[in-house]
Every structure is written in structure tokens, then in C-alpha cells.
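Here's the letter readout for the chains.
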Amino acid sequence: MVQRPKKRESAAPQAPVALDDRGLALSTLLGSALDDVDVQIDAAVDEVVVVLSPDDLLAVCRIARESDDLDFNYLRCVSVVDYEERLEVNYHLFSLAKRHKMVIKTSVSPEAPNVPTVTGVWRAADWFEREGHDLFGVVFIGHPDLAPLLLYEGFEGFPGRKSFPFHDYDEW
Amino acid sequence: MIESTKEPGLDSLDLMINMGPQHPSTHGVFRLVIGVDGERIVRAEPHIGYLHRGSEKLCEAEDYAQIVTLFDRMDYIANLNSELGYALAVEKLMALEIPERAEYIRVILCELNRIASHMLFYGVYGLDVGAMTPVLYGFRERERIQALFESVTGARMMHNYIRIGGVKEDLPDDFDARMKALVSQLELGIEECDRLLTDNEMFLARTKGIGSIGPTDAIDFGVTGPSLRASGVAEDVRISEPYGLYDRFDFGIPVGTNGDCWDRYYVRVEEMRQSLVIIEQAMAQMEPGPIMAKVRRITRPPKGEVYMRTESPRGDLGVFIVSDGSDRPYRLKVRAPSFANLQGLKHMLRDAYVADAVVILGSIDIVLGEVDR
Amino acid sequence: MEIELGQGYGAHEGNEPGDSIFQKVLPNAVTAMSTDLFAAARSSSLWTLSFGLACCAIEMMSTHMSHHDLDRFGVVTWPSPRQADVMIVAGTVVKKMAEPIKLLYEQMPDPKWVIAMGSCATNGGPYYRSYSVVMGVDHLIPVDVYVPGCPPRPEALMYGIMQLQEKVKKDAKQRGTTS
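Residue numbers (my numbering), protein chains in the order written: chain A, 1 to 172; chain B, 173 to 545; chain C, 546 to 724.
Don't read these hints as lab results, they were simulated from the structure.
Model, not experiment: these values are computed from the prediction.
Note that beta-carbon positions come from the ideal geometry of N, C-alpha and C, so glycine has one too.
Take the hints with a grain of salt, since some may be wrong.
Label pairs and their in silico Cβ distance ranges [claimed, not checked]: (1) C:592 to B:363: 30 to 40 Å; (2) C:627 to A:22: 51 to 61 Å; (3) C:592 to B:460: 47 to 57 Å; (4) C:592 to B:373: 55 to 65 Å; (5) C:654 to B:189: 20 to 30 Å; (6) A:147 to C:648: 15 to 25 Å; (7) C:711 to A:166: 25 to 35 Å; (8) C:579 to B:308: 29 to 39 Å; (9) A:145 to B:272: 42 to 52 Å; (10) B:188 to A:69: 43 to 53 Å.
Working from the sequences, and respecting the hints, build out all of it.
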């Protein structure tokens with residue numbers, strides 16, 4: 001695969017933030033609900049983003065799930081993004097009753113990618129975390145069974161990471 | 173209610189049955205290892221990954237226009253809905269205005285694809301339960317829809333039609349007439365399929381009360397779509413977070429009561445009828461106009477990330493794109509509805525007999541292409 | 546005692562052995578090589594192993610259904626490999642699935658044939674740069690007919706099966722065997 005020269009990247013504009021009323025109400029709500037935790041509340045296009053460290057993750061997730069104002073009962077997706085010097089784990093949450101949504105982000109280093117599991121809070125995280133472990137190598141501490149999900153037994157390497165090469169096409 | 177088959181004084185072993193990757197009823201390459209005690213399932217372990225093609229990694233090597241073809245093949249039964257989810261995600265990131273006619277065309281074709289997908293579910297579910305006729309009826313209706321798709325998009329299955337900014341080309345001239353004829357044919361077809369299977373005694377005996385999942389459990393496991401609505405939760409992405417033009421249409425969402433297999437089946441039959449309602453309203457409202465927004469030939473969205481959710485026939489399809497400003501995504505993650513729905517399988521199999529395993533698996537309506545990606 | 550036998554029962558009026566239909570029509574037809582006979586029989590009743598892997602499986606199902614109907618060719622889809630003749634590999638072959646495919650192929654008794662349906666089974670298809678895809682099922686098992694397309698139309702698959710029928714008969718003539 002030809003490596004494209006990345007010359008236009010820095011000139012690219014940033015996507016504009018466009019939070020709707022529910023998103024704005026949620027950011028103010030989060031400001032008060034999470035004021036004793038070290039978080040950073042941001043926004044990306046139309047989602048409220050909460051950035052925190054892996055140690056605070058479980059506490060914040062429990063507050064998000066159990067608080068009556070927030071009521072995030074639906075974990076939509078757990079995704080891992082490889083930013084080369086760090087691995088970022090995103091938790092996309094939605095509340096079915098209140099219809100607001102947010103993303104919780106936490107970053108770990110590739111050498112020690114340990115994140116506490118949230119399967120105790122939402123059972124939906126089970127296979128998403130297994131997939132994150134399989135493809136990226138993120139270790140979810142406390143997960144009941146981190147066996148390989150998508151890759152075959154004995155697969156070496158973490159294919160989701162940027163360092164894993166693409167298969168070059170050979171004409172056999 | 174199901175008594176144990178263990179008798180005192182007798183030595184009994186739990187038997188492990190492997191419903192292997194090749195099985196007539198596993199809807200693709202899915203492996204379910206069941207531990208049984210007599211006829212009762214005591215343990216069930218799903219194994220997936222037999223169709224893991226690395227689509228998400230491949231998306232980082234292809235530009236935005238080429239990725240549409242990969243999305244076609246992820247959920248290979250509802251292709252247009254997958255393409256729509258992807259195109260809407262990129263358009264949200266770019267804050268792009270889509271021409272109205274393109275939006276109407278998208279809605280009409282996606283709802284038609286929803287009917288085609290549910291028809292395939294209907295046919296294959298009948299086959300799972302043991303009825304040989306529904307599959308022929310279901311595929312007959314599907315062939316009608318696929319013939320129309322062929323005239324519009326050029327392909328029966330992998331359409332590559334919904335592009336970023338609109339659709340590829342305008343509808344053919346005879347579309348109106350063909351669509352009217354198709355809608356009336358489908359109404360009769362759905363009615364016939366409904367009459368054949370829904371109140372059939374044997375079907376009721378095999379699906380009523382089997383594999384139930386309650387509403388809080390379903391939400392907790394991340395189950396979405398018709399399987400969630402069958403458990404009594406009135407949640408539909410088209411209503412809770414409307415995208416496209418769904419806020420202009422007046423349609424209902426069928427909601428079940430028990431969350432068992434029959435409810436999951438019947439919710440889909442009713443959804444087909446509601447899709448016809450949406451299609452008729454869209455056909456009446458559609459006006460001539462442009463079908464593609466003014467976009468560059470090579471799509472370069474701004475830096476940022478976006479999560480877009482749409483209602484695919486299987487549930488809540490989420491597309492998460494991280495863009496670094498170049499013509500290829502930095503990371504693209506697909507939240508496939510079948511992946512999450514399959515997590516509820518173990519819970520649904522908790523009180524089942526071996527013969528119910530196939531019926532319960534069929535009622536979730538999974539597509540392995542999007543489970544494994 | 547004379548028995549009245551009615552009309553048409555005199556000599557050369559259908560009463561002699563030489564008048565029977567078997568003697569009149571079939572003697573020239575039945576003297577064929579047994580391999581040709583068996584090949585004709587086998588090609589008209591190819592039972593396929595229902596082995597849909599991915600998207601091509603949906604088109605394979607459509608081909609079996611009433612609009613395109615493979616049943617009129619004698620093709621019945623059969624779940625057990627022990628009683629199947631043809632394995633239609635419909636879909637992408639993933640490395641995790643390679644072992645089950647090999648096992649299934651070995652479980653099928655001779656004579657057996659393989660149709661590689663779709664571009665993924667032919668050479669990897671749109672996933673040719675993926676880390677987990679086998680670039681074509683012919684890396685694992687010998688293939689007789691390749692049906693290109695993504696997915697191939699039902700008519701293309703029917704043509705592929707008809708080509709396989711021709712191959713079965715031609716192989717019997719040329720090699721004196723049907724495997």
C-alpha cells in the first residue's frame with residue numbers, strides 16, 4: 001500500500017460544534033453532577049464529551065447510570081482509537097428516557113493499556129470490551145472472560161493498531 | 173417447570189453439542205456450543221469471528237467514496253440502510269445540506285430495503301421453525317423488490333448507490349408507475365405471509381413464551397431494534413433522534429408485550445406494513461429537483477469525530493468516524509446492531525430446550541457480516 | 546383347449562417377443578459405457594452442501610427459490626457433508642474458518658466437486674488487503690468451477706452449475722472416471 005504524503009493535514013479545518021438544546025442542558029447538568037471528579041467537559045459536533053483518567057472511569061460511569069437526572073441506561077458502543085502515543089477508549093452513552101447522549105473518553109498508554117471494566121454497570125460492554133482487547137490489546141481489568149472474540153486462536157499482534165501493517169497483495 | 177433429569181444413584185454427564193460454523197440454521201458462520209442436561213440447555217457459549225474480514229482496518233486504507241462498498245457488504249441484507257448510516261455520518265461531520273429529492277429517494281429505497289430484509293427474516297424464520305413454504309413466499313416478494321432496485325441502482329444486492337452528498341443518479345422515468353404497482357403487490361404479499369404463519373397453531377406452540385427477555389434486561393444488554401420493541405420498549409431511532417426526513421412522516425412503531433419469539437416475529441411483520449405507509453407518504457411528497465449536493469470529487473471532511481445512529485432493520489446502527497482532515501478516515505468503527513443483540517442470546521437461552529435454540533437464534537435476526545465485520 | 550384372445554393377439558400383432566417396445570427402442574440406447582451413464586445421473590442430481598458464508602449465500606438462496614429455481618436441475622441443498630456432492634463456497638474465506646472448510650471437504654465422500662462462488666472465494670475479492678482473509682478458497686481445496694461476481698447473479702450461478710454438469714460428463718468421457 002502506498003503511503004500518502006500527509007501534507008494537507010494541518011491545513012484542515014476543525015468540524016464545527018453544534019450542540020442542540022438537550023446537549024447544552026446536559027453539559028450544565030454534568031458540570032454540577034461531576035464537580036468532585038477531575039473531568040474535562042467538551043463537545044464534538046453534536047455530542048457532549050467528558051474526558052477523564054482511567055482511575056475515575058468506574059465512578060463516573062456509576063454516577064451516569066444511577067443518577068436520576070442523567071439516567072444513562074443504554075451503552076451504545078465502546079470503541080478504541082489508536083493515536084500512536086496513546087490508546088483512547090470511548091464509551092458512547094444514551095438515555096432512553098431523557099434522550100440525551102454523551103461520550104466518555106479515557107486514554108491509556110500502549111505499553112500498559114489497563115482500564116477498569118464497566119460490565120458491572122452495563123452488561124452490554126461485555127463483547128465490546130472483548131473486541132477492544134482482541135484488536136487493540138487493551139486490558140479491561142475485572143472482565144469475566146477476555147478470550148479472543150474475532151481473531152483465531154494464536155493470532156499474533158494487534159491488528160487494530162496503526163503499527164500493524166496491511167497485507168500486501170501477492171499474485172500467488 | 174423443566175425438571176432435572178438427574179436421578180439419584182445414576183451417573184450423568186453434561187453433553188456438549190456443537191452447532192458448528194456450518195449449520196443450516198445458524199444464519200451464516202456462527203458457532204454455538206451448548207451444554208445440555210437431557211434436553212435442557214444449561215450452558216451456551218457463542219463463538220463468532222468466522223467472518224471477520226477486517227473491514228474497519230480496511231476503511232483506514234480507502235477513501236470515503238470507496239468505503240461505501242465495504243458498508244454494502246457488512247449488513248448484506250439491508251445494504252442501503254448501511255450505506256445510509258455511513259453517508260449520514262460523513263455528512264454530519266461535514267455539516268452538509270442534502271437536496272430534498274435525494275433525501276426522499278433515500279427514504280423510499282431504505283424503507284423498501286427494510287421490507288426486503290424483513291421478508292428474508294420471515295422466510296428463513298419459517299424454515300428454522302420447520303415450515304418449508306414461507307421461505308418461497310418471502311423470496312417471491314424479495315425478488316419483486318430486487319427487480320425494482322435493479323432498475324434504480326443497477327444491482328440486485330450491492331447497490332453502491334447512496335453517496336456522500338446525495339444519491340448516485342436520479343430515478344428512472346417509469347419509477348412512479350412501478351412503485352405504485354409494487355406497493356399494492358407488497359400489501360397483498362404481506363397479508364398472505366401474515367395469514368400463512370402468524371396464527372398457525374404449530375408456529376404458536378414453537379414460538380409463544382419461548383426465549384423471552386424483559387425490557388430492563390434488553391436495554392442493559394444493548395439489544396435494539398425490533399427485538400427491543402418486542403420486549404415493550406417503544407424506542408426507534410427514527411423517532412427519538414430523527415434523521416433525514418423522518419419527522420415529516422406519520423407512522424407508528426409496533427411494540428410487543430412479552431418479549432418472546434412470537435413478539436419479535438410479529439413486530440417485524442407489522443414494521444413491513446408501516447414501511448409501506450412511509451413509502452406512500454414519501455412518494456406523494458417527493459418533488460423533482462437535484463439529487464446531489466455540491467461536493468468535491470474527493471471528500472475531505474474537517475478534523476473531528478462524529479457518531480451517527482440510524483435505524484437499520486436489525487436495530488441501532490452506529491457509525492463512529494474520527495477524521496484527521498485527510499481523504500481517508502483515521503478510524504472508523506461500526507456499532508453493528510446484531511453484535512449487541514447477540515449478547516442477549518445467552519440470557520434468552522436460559523430456560524430453553526435444545527430444539528428452541530434454533531428458534532430463539534432465528535428470532536434475533538442476526539447477520540454475521542455485521543457481527544464480525 | 547382353444548383360448549380366444551381377441552384382436553391383436555395373433556402372430557406379429559404385438560404378441561411376439563420381437564414386438565415388445567424394449568426390443569424395438571432401447572437396445573441401441575442401453576449399450577452405453579457405465580461411466581457415461583453414472584456421469585449423466587450424477588450431473589442431474591448434484592446435491593450441494595448448504596455452505597453459505599457471507600453475502601453470496603443470499604444470492605445462492607435466491608437461486609434455489611422459486612423465481613430462478615435450481616430444483617429443476619436436480620440441485621437440492623443438503624446440510625450434511627456426508628451426503629453432498631458439491632460444495633458451493635459462497636462468501637469470504639476467513640483464516641479462522643479455514644480449518645472447518647478443510648474438515649468439511651474431507652468429510653464429503655468421492656466423487657465431489659467444488660464451486661467457488663463470488664470474487665471473495667475466487668481470489669479474496671474486495672478484501673484483498675485484509676489481515677484475516679484467505680485470498681481465494683483454492684489455497685485450501687481444489688476448485689472445479691469459478692463463478693465471478695460480487696455477488697454473482699442467480700443466472701450466473703446457474704450457468705456455473707450447468708458448466709459443472711458439463712464437466713462431470715466430459716470428465717467421464719475423457720478419463721473414464723467420474724471423480
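Hints violated by the structure (listed by number, smallest first) = 4 and 7
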